[in-house]
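Enquirer: Chain by chain, the residues run as shown.
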Amino acid sequence: MTPDISTDIGGIAMKNPVMTASGTFGYGPEYAELVDLNQLGAIVVKGICLNATKGNELPRTTEVASGLLNAIGLPGPGVEGFLRDYMPFLREYDVPVIVNIWGKTIEEYADVAARLNAVPGIAGLEVNVSCPNVKEGSAVFGTDIRMFERVVKAIRGATQLPLMPKLAPNVSDIAEYARCAEACGANAISLINSFPSLAVDVEKRAPVLANKTGGLSGPAIKPIALRLVWLAAKAVKIPVVGMGGISCAKDALEFLMVGASAVAVGTASFVHPDTAVRVAKGIREFLEKEGIASLSDWIGSIRA
Amino acid sequence: MTPDISTDIGGIAMKNPVMTASGTFGYGPEYAELVDLNQLGAIVVKGICLNATKGNELPRTTEVASGLLNAIGLPGPGVEGFLRDYMPFLREYDVPVIVNIWGKTIEEYADVAARLNAVPGIAGLEVNVSCPNVKEGSAVFGTDIRMFERVVKAIRGATQLPLMPKLAPNVSDIAEYARCAEACGANAISLINSFPSLAVDVEKRAPVLANKTGGLSGPAIKPIALRLVWLAAKAVKIPVVGMGGISCAKDALEFLMVGASAVAVGTASFVHPDTAVRVAKGIREFLEKEGIASLSDWIGSIRA
Amino acid sequence: MQLEQATVVAHAPIQGSYNLLQMNAPGVAARVCPGQFIHIKVPYLEECILRRPFSVFRVEGALLSILYKDVGKGTRTLQYLEPGESLSILGPLGHGFPQLQAGNFPVLIAGGYGMAALYLLARRCATKGVAFFGGRSAQDILCVSDFEALGWDVRVTTEDGTQGRQGLVTLALDDWFAHEAKGHKPELFVCGPGGMLKAAAERAERHQCTAWTSVDNNMGCGVGACLTCVLKVKDGESWTWARACREGPVFNSRDILWEELV
Amino acid sequence: MQLEQATVVAHAPIQGSYNLLQMNAPGVAARVCPGQFIHIKVPYLEECILRRPFSVFRVEGALLSILYKDVGKGTRTLQYLEPGESLSILGPLGHGFPQLQAGNFPVLIAGGYGMAALYLLARRCATKGVAFFGGRSAQDILCVSDFEALGWDVRVTTEDGTQGRQGLVTLALDDWFAHEAKGHKPELFVCGPGGMLKAAAERAERHQCTAWTSVDNNMGCGVGACLTCVLKVKDGESWTWARACREGPVFNSRDILWEELV
Ligand SMILES: Cc1cc2nc3c(=O)[nH]c(=O)nc-3n(C[C@H](O)[C@H](O)[C@H](O)COP(=O)(O)OP(=O)(O)OC[C@H]3O[C@@H](n4cnc5c(N)ncnc54)[C@H](O)[C@@H]3O)c2cc1C
Ligand SMILES: Cc1cc2nc3c(=O)[nH]c(=O)nc-3n(C[C@H](O)[C@H](O)[C@H](O)COP(=O)(O)OP(=O)(O)OC[C@H]3O[C@@H](n4cnc5c(N)ncnc54)[C@H](O)[C@@H]3O)c2cc1C
Ligand SMILES: Cc1cc2nc3c(=O)[nH]c(=O)nc-3n(C[C@H](O)[C@H](O)[C@H](O)COP(=O)(O)O)c2cc1C
Ligand SMILES: Cc1cc2nc3c(=O)[nH]c(=O)nc-3n(C[C@H](O)[C@H](O)[C@H](O)COP(=O)(O)O)c2cc1C
Ligand code: FES
Ligand code: FES
Chain A
8 MTPDISTDIG GIAMKNPVMT ASGTFGYGPE YAELVDLNQL GAIVVKGICL
58 NATKGNELPR TTEVASGLLN AIGLPGPGVE GFLRDYMPFL REYDVPVIVN
108 IWGKTIEEYA DVAARLNAVP GIAGLEVNVS CPNVKEGSAV FGTDIRMFER
158 VVKAIRGATQ LPLMPKLAPN VSDIAEYARC AEACGANAIS LINSFPSLAV
208 DVEKRAPVLA NKTGGLSGPA IKPIALRLVW LAAKAVKIPV VGMGGISCAK
258 DALEFLMVGA SAVAVGTASF VHPDTAVRVA KGIREFLEKE GIASLSDWIG
308 SIRA
Chain B
8 MTPDISTDIG GIAMKNPVMT ASGTFGYGPE YAELVDLNQL GAIVVKGICL
58 NATKGNELPR TTEVASGLLN AIGLPGPGVE GFLRDYMPFL REYDVPVIVN
108 IWGKTIEEYA DVAARLNAVP GIAGLEVNVS CPNVKEGSAV FGTDIRMFER
158 VVKAIRGATQ LPLMPKLAPN VSDIAEYARC AEACGANAIS LINSFPSLAV
208 DVEKRAPVLA NKTGGLSGPA IKPIALRLVW LAAKAVKIPV VGMGGISCAK
258 DALEFLMVGA SAVAVGTASF VHPDTAVRVA KGIREFLEKE GIASLSDWIG
308 SIRA
Chain C
2 MQLEQATVVA HAPIQGSYNL LQMNAPGVAA RVCPGQFIHI KVPYLEECIL
52 RRPFSVFRVE GALLSILYKD VGKGTRTLQY LEPGESLSIL GPLGHGFPQL
102 QAGNFPVLIA GGYGMAALYL LARRCATKGV AFFGGRSAQD ILCVSDFEAL
152 GWDVRVTTED GTQGRQGLVT LALDDWFAHE AKGHKPELFV CGPGGMLKAA
202 AERAERHQCT AWTSVDNNMG CGVGACLTCV LKVKDGESWT WARACREGPV
252 FNSRDILWEE LV
Chain D
2 MQLEQATVVA HAPIQGSYNL LQMNAPGVAA RVCPGQFIHI KVPYLEECIL
52 RRPFSVFRVE GALLSILYKD VGKGTRTLQY LEPGESLSIL GPLGHGFPQL
102 QAGNFPVLIA GGYGMAALYL LARRCATKGV AFFGGRSAQD ILCVSDFEAL
152 GWDVRVTTED GTQGRQGLVT LALDDWFAHE AKGHKPELFV CGPGGMLKAA
202 AERAERHQCT AWTSVDNNMG CGVGACLTCV LKVKDGESWT WARACREGPV
252 FNSRDILWEE LV
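Residue numbers (our numbering), protein chains in the order written: chain A, 8 to 311; chain B, 8 to 311; chain C, 2 to 263; chain D, 2 to 263.
Some hints here could point you the wrong way.
Said to hold, decoys possible - Derived, one-sided and incomplete: chain B residues facing chain A with beta-carbon distance under 7 Å: (1) V71; (2) A213; (3) A217; (4) K257; (5) G307; (6) S308.
What the hints assert, rightly or not - Label-pair ranges, simulated between beta-carbon atoms: (7) B:K257 to D:D71: 32 to 40 Å; (8) D:D71 to C:A127: 28 to 36 Å; (9) A:A182 to D:T241: 31 to 39 Å; (10) B:K257 to C:A31: 41 to 49 Å; (11) A:A311 to D:K74: 23 to 31 Å; (12) A:E210 to C:A31: 19 to 27 Å; (13) B:K257 to C:P44: 24 to 32 Å; (14) C:S138 to B:I299: 27 to 35 Å; (15) C:D175 to D:P84: 37 to 45 Å; (16) C:R77 to B:D43: 26 to 34 Å; (17) B:A146 to A:G85: 40 to 48 Å; (18) D:T241 to B:A20: 33 to 41 Å; (19) B:I299 to A:E64: 25 to 33 Å; (20) B:S303 to C:I15: 42 to 50 Å.
Note that these hints are calculated values from the structure, not bench results.
Every value quoted in this text rests on a predicted model; they were computed, and no experiment measured them.
Glycine included, every Cβ here is placed at the ideal spot set by N, Cα and C.
Let's have the full structure, built from the sequences with the hints guiding it.
Expert: Rendered as structure tokens:
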């Protein structure tokens with residue numbers, strides 16, 4: 008018998024544990040010609056804030072050893088534009104839609120969450136806290152525990168949707184942020200976001216990216232992500248969505264084994280658009296080969 | 008005319024800006040047959056604590072994408088053993104010897120520093136704070152600003168040697184640690200230490216390394232290291248030694264350009280033992296090609 | 002647009018640092034239109050994770066070929082590929098050249114791999130017109146005989162004069178506009194370095210004709226998801242981003258904010 | 002010990018998943034002793050940063066060869082190397098086999114690449130003795146004719162009986178000790194999987210002879226700096242770490258804490 012690989016992320020029922028990582032799969036249509044969206048565990052769309060934004064100047068990405076550095080700068084259509092241009096398309100599919108949201112202020116986060124709250128076809132919200140609070144000293148929400156708590160609480164107060172804060176990786180105690188999210192009523196957490204990094208051009212004597220720094224993603228960060236997901240999963244009872252450098256089923260099985268209840272495929276989709284679907288297939292095949300009846304028996308099964 | 012690539016790290020005069028990274032070049036003799044040690048900017052030896060230690064069980068290292076994961080566990084001969092077995096050898100060379108020290112308690116750090124203080128032939132101390140305080144809750148010295156301050160102050164009080172704390176990379180505000188080190192009287196800082204990570208074996212359902220987690224090093228961490236070195240160099244006036252994934256002159260020039268006054272070659276020495284020497288040569292050639300008279304004109308020259 | 006495992010049929014250097022890679026790719030070959038590109042994952046180069054975009058040069062049945070120049074890691078490693086080996090390609094991608102408007106006279110302007118990128122158009126275009134090829138020196142001038150065989154009037158210029166007329170492509174182009182364009186309604190199809198695209202756009206404006214320019218911004222995903230490849234295009238009084246990989250790589254020159262192009 | 006750019010002279014699969022790589026490496030070839038190894042950086046495999054250790058098989062003048070098995074990424078990629086290409090090697094490394102003690106009778110015990118690792122010893126050892134080769138099946142048994150050509154008495158055992166006697170190498174070894182060892186002072190030279198090393202060490206103890214065992218711990222630097230390759234050896238009542246790449250890979254079997262070997 009084929010193993011049951013369905014999973015539940017804080018109230019979001021997924022037919023398989025593989026979702027797309029925000030910002031690496033567009034809003035859905037971009038890959039619809041190449042991938043059967045119905046075979047995805049969930050679609051997480053590119054980050055949405057209140058109003059339409061243009062994002063950063065070029066260059067926005069650069070390749071580094073076994074990874075990608077990006078500073079796209081969160082361009083997007085804004086809430087209304089997203090609901091108008093993409094939700095009708097997404098509703099056509101039988102796949103949970105998770106909207107990744109961000110804001111420049113705590114108020115904006117709450118406002119965006121509120122506007123998405125009653126929208127049919129939205130399964131949950133993922134909160135990108137890896138951006139600066141422009142109103143208060145521009146410290147990044149995700150690396151200041153007090154600000155992180157305030158933003159999660161504010162969003163929790165604004166929506167009944169399953170809420171999944173996405174933890175920033177550049178903190179010394181990830182468990183503290185995981186517990187804080189749980190205490191603030193989050194239904195799940197996801198991690199890791201891309202890792203703050205820098206690439207420079209010796210000839211030009213300047214940073215490569217227009218934004219100077221960018222976020223590192225891809226295979227290079229997998230060992231860092233695995234440790235953080237392991238620590239976060241041990242710290243909380245709510246489900247954890249693990250990501251960071253996943254490009255094959257084995258990678259995904261590693262994240263699930265250390266305690267993730269689901270995984271997200273990011274940068275790898277740029278290389279092989281069908282990665283998420285292949286990963287889900289590979290997970291099923293592995294569990295079958297190992298004679299494991301249900302994914303839940305594999306999740307957190309590491310001996311450590 | 009050939010450019011002047013000498014540099015000074017908090018009182019340690021180096022003929023070139025390239026030193027070896029602690030733990031990746033043994034104590035010197037291991038590579039003496041392959042590399043002319045006199046051509047190194049400085050030799051940083053493997054970490055030394057008070058008494059002889061055996062380190063971790065196997066496996067101690069594993070390869071990951073563009074990187075190496077290690078949990079050697081700081082085996083070593085202890086202070087007396089080091090002075091007896093290696094200092095006589097090292098004194099034969101015309102190269103500054105920097106001793107990397109660590110301890111299980113603040114007292115041990117200070118004790119080790121005191122015992123090395125008056126030893127002829129030791130140019131300075133690098134302090135590895137990426138290890139747990141076994142006496143007080145085993146939090147890692149390098150990721151708790153209060154403990155970091157106490158340990159640096161304690162060592163400063165125990166030695167007149169140039170003092171170079173080595174910052175842990177897994178903190179959200181590296182500048183805070185850099186400033187703290189400067190305020191405590193450090194003569195320089197070095198970064199980054201390898202990045203806490205995890206590799207697991209799906210077949211064995213266990214971590215790959217006996218120690219479970221390990222430190223990630225090599226090209227994979229270069230973009231992360233470059234950003235941290237850039238931020239640290241902007242935060243302090245004392246010299247910064249940059250490292251993390253340096254394997255060629257271009258990599259080193261990047262670290263120097265963002266503000267490092269010297270660099271260290273680590274994992275790359277395992278692959279090409281002559282890396283540090285080749286890097287120094289490449290830096291000289293580049294500056295000459297660019298018509299830059301002195302390394303000091305290149306250090307921190309990034310337009311950002 | 003599809004993912005396909007192509008098989009190398011032939012692979013060899015042809016001229017200067019250019020190589021011709023011919024592969025069996027029935028799916029993509031059947032669908033490709035002039036000006037579109039394919040996105041290649043270079044085998045054996047795992048530490049470089051992104052694909053590399055290449056314009057389609059020729060298609061004959063299931064056979065699809067690209068002409069590529071060795072400029073860095075990916076294109077250097079690509080050269081190790083041997084007949085029989087397979088590689089993952091994604092395509093056809095992007096929005097290529099439109100059909101020549103009835104009654105117009107086609108003018109091709111190309112530099113570097115642009116000569117390869119325009120070949121399919123040159124072949125499928127019923128009217129054969131004039132083609133201006135420019136490069137630094139003779140070894141940068143590709144496919145002249147291929148174009149002539151199709152019936153195109155090829156005018157070569159090289160900066161060092163080693164082939165054709167000495168100077169920039171615009172020199173020959175401006176002469177043509179001055180002495181030969183009369184009676185023609187020129188429509189420009191351009192693929193080459195940024196400078197050449199800008200110059201052509203400027204000529205199109207001056208002579209009030211249409212120029213279709215193919216840009217080559219760096220790319221990530223190649224399908225419109227990552228927003229790496231964007232460029233600024235006019236949007237009424239303001240501007241908006243367009244994706245070179247989706248809305249492009251071919252744009253009507255009058256839509257591009259040339260002064261903003263990086 | 003030196004860093005050398007070796008040039009591939011010949012490279013081909015020889016049997017099963019084993020390949021023979023012959024390279025021109027005058028510096029290393031001139032210095033290598035039986036049981037030593039070289040550390041190879043696999044070209045075109047940048048994302049795998051470590052070198053890979055391989056025992057030296059043959060040396061003829063400047064020609065140095067290794068026999069390697071395809072077991073993973075590095076050894077798979079190594080197979081793409083073609084004659085004329087160059088690769089970086091580090092060697093000779095480690096502490097190899099000592100010379101046979103005067104009056105002793107040499108007994109070789111090998112499995113897998115161990116047959117290659119013992120060849121140099123077999124050739125340079127003045128006294129030719131008996132060699133026990135064991136493997137899962139015939140395709141795991143290498144170099145028999147080479148050893149016989151040198152005058153060694155080769156006894157093959159395979160688990161599936163496809164070549165020589167069916168069973169483990171110890172079967173033939175124990176028989177030899179029982180019926181043929183008499184009058185000889187055997188000295189064992191062993192290279193093969195952990196189980197085979199342990200079994201040989203146990204026989205050496207039982208028959209009170211010396212056994213030189215070559216371990217193959219995973220390695221990092223190969224020169225003694227990283228402490229990846231350590232194993233536990235006796236140190237009076239206690240134990241200490243020894244580095245397989247420096248103090249080893251060959252150890253006197255009585256020094257190793259076999260129960261601790263991973
Ligand atoms: C639509 C399009 C069609 C193209 N068609 C051809 C063609 O037919 N023949 C041909 O030789 N080249 C073509 N190019 C350019 C080709 O994609 C680059 O030369 C190639 O990606 C360089 O890869 P590399 O790894 O060798 O170089 P790298 O070492 O990655 O970089 C070397 C140079 O190539 C540029 N480059 C790197 N990556 C990309 C990328 N993803 N996209 C664009 N430029 C990049 C860099 O800016 C740098 O200047 C095309 C580019 C585009 C966008
Ligand atoms: C002293 C010594 C001599 C050796 N001589 C030979 C020889 O003559 N012929 C031969 O075929 N093999 C030999 N080996 C084994 C050979 O080094 C490994 O098979 C090779 O490194 C595997 O690399 P890979 O990338 O193909 O495998 P990987 O994909 O890296 O790993 C596959 C397997 O190889 C093992 N392995 C990986 N890296 C190393 C490493 N650095 N050192 C040891 N094992 C490793 C892993 O534990 C794993 O089980 C020797 C090993 C040592 C230590
Ligand atoms: C080009 C790009 C754009 C991204 N955009 C977003 C985003 O809008 N919101 C967000 O939370 N994360 C974003 N991310 C981070 C990814 O969702 C993911 O957390 C990270 O890339 C690590 O996963 P990976 O290694 O599989 O790519 C982006 C990543 C990339 C590479
Ligand atoms: C095998 C190994 C052992 C190390 N041992 C030490 C050590 O004893 N003390 C220390 O401060 N850093 C140690 N490091 C960290 C390095 O000094 C360096 O900070 C890190 O590897 C990043 O540089 P790299 O990417 O060039 O290797 C070790 C690193 C490796 C790979
Ligand atoms: S390359 Fe990704 S959007 Fe164009
Ligand atoms: S392999 Fe590094 S010490 Fe032996």
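Enquirer: Taking the beta carbons of A182 of chain A and T241 of chain D, is their distance inside 31 to 39 Å?
Expert: Cβ of A182 of chain A to Cβ of T241 of chain D: about 38 Å, so the range 31 to 39 Å holds.
Enquirer: Mind checking the hinted window 19 to 27 Å against the Cβ distance between E210 of chain A and A31 of chain C?
Expert: The hint (19 to 27 Å, Cβ to Cβ) is violated, given that E210 of chain A and A31 of chain C are roughly 43 Å apart.
Enquirer: For the range 25 to 33 Å, tell me whether the beta carbons of I299 of chain B and E64 of chain A fit it or not.
Expert: holds, 29 Å
Enquirer: Could one say that the CB atoms of K257 of chain B and A31 of chain C fall in the range 41 to 49 Å?
Expert: holds, 44 Å
Enquirer: Should the interface hint for A217 of chain B be scored as holding, given a Cβ-Cβ cut-off of 7 Å against chain A?
Expert: With a minimum Cβ separation of about 11 Å from chain A (threshold 7 Å), the hint on A217 of chain B is violated.
Enquirer: Take the shortest C-beta to C-beta distance between G307 of chain B and chain A; is it under 7 Å?
Expert: Violated, because the Cβ-Cβ distance from G307 of chain B to chain A comes to roughly 11 Å (cut-off 7 Å).
Enquirer: Was the hint right that K257 of chain B lines chain A, CB cutoff 7 Å?
Expert: Status holds, d = 6 Å.
Enquirer: Quick check on the hint: V71 of chain B CB to chain A CB, less than 7 Å?
Expert: With a closest approach of 5 Å, the V71 of chain B hint holds.
Enquirer: With respect to the beta-carbon atoms only, verify the hint that R77 of chain C and D43 of chain B lie 26 to 34 Å apart.
Expert: holds, 32 Å
Enquirer: Regarding S303 of chain B and I15 of chain C, is the given constraint of 42 to 50 Å on their beta-carbon distance met?
Expert: holds, 48 Å
Enquirer: Could one say that the CB atoms of K257 of chain B and P44 of chain C fall in the range 24 to 32 Å?
Expert: 25 Å Cβ-Cβ, so the 24 to 32 Å window holds.
Enquirer: Taking 40 to 48 Å as the stated bounds, is the beta-carbon spacing between A146 of chain B and G85 of chain A within them?
Expert: holds, 43 Å
Against the hints set out earlier in the document, violations occur for numbers 3, 5, 8, 12, 15.
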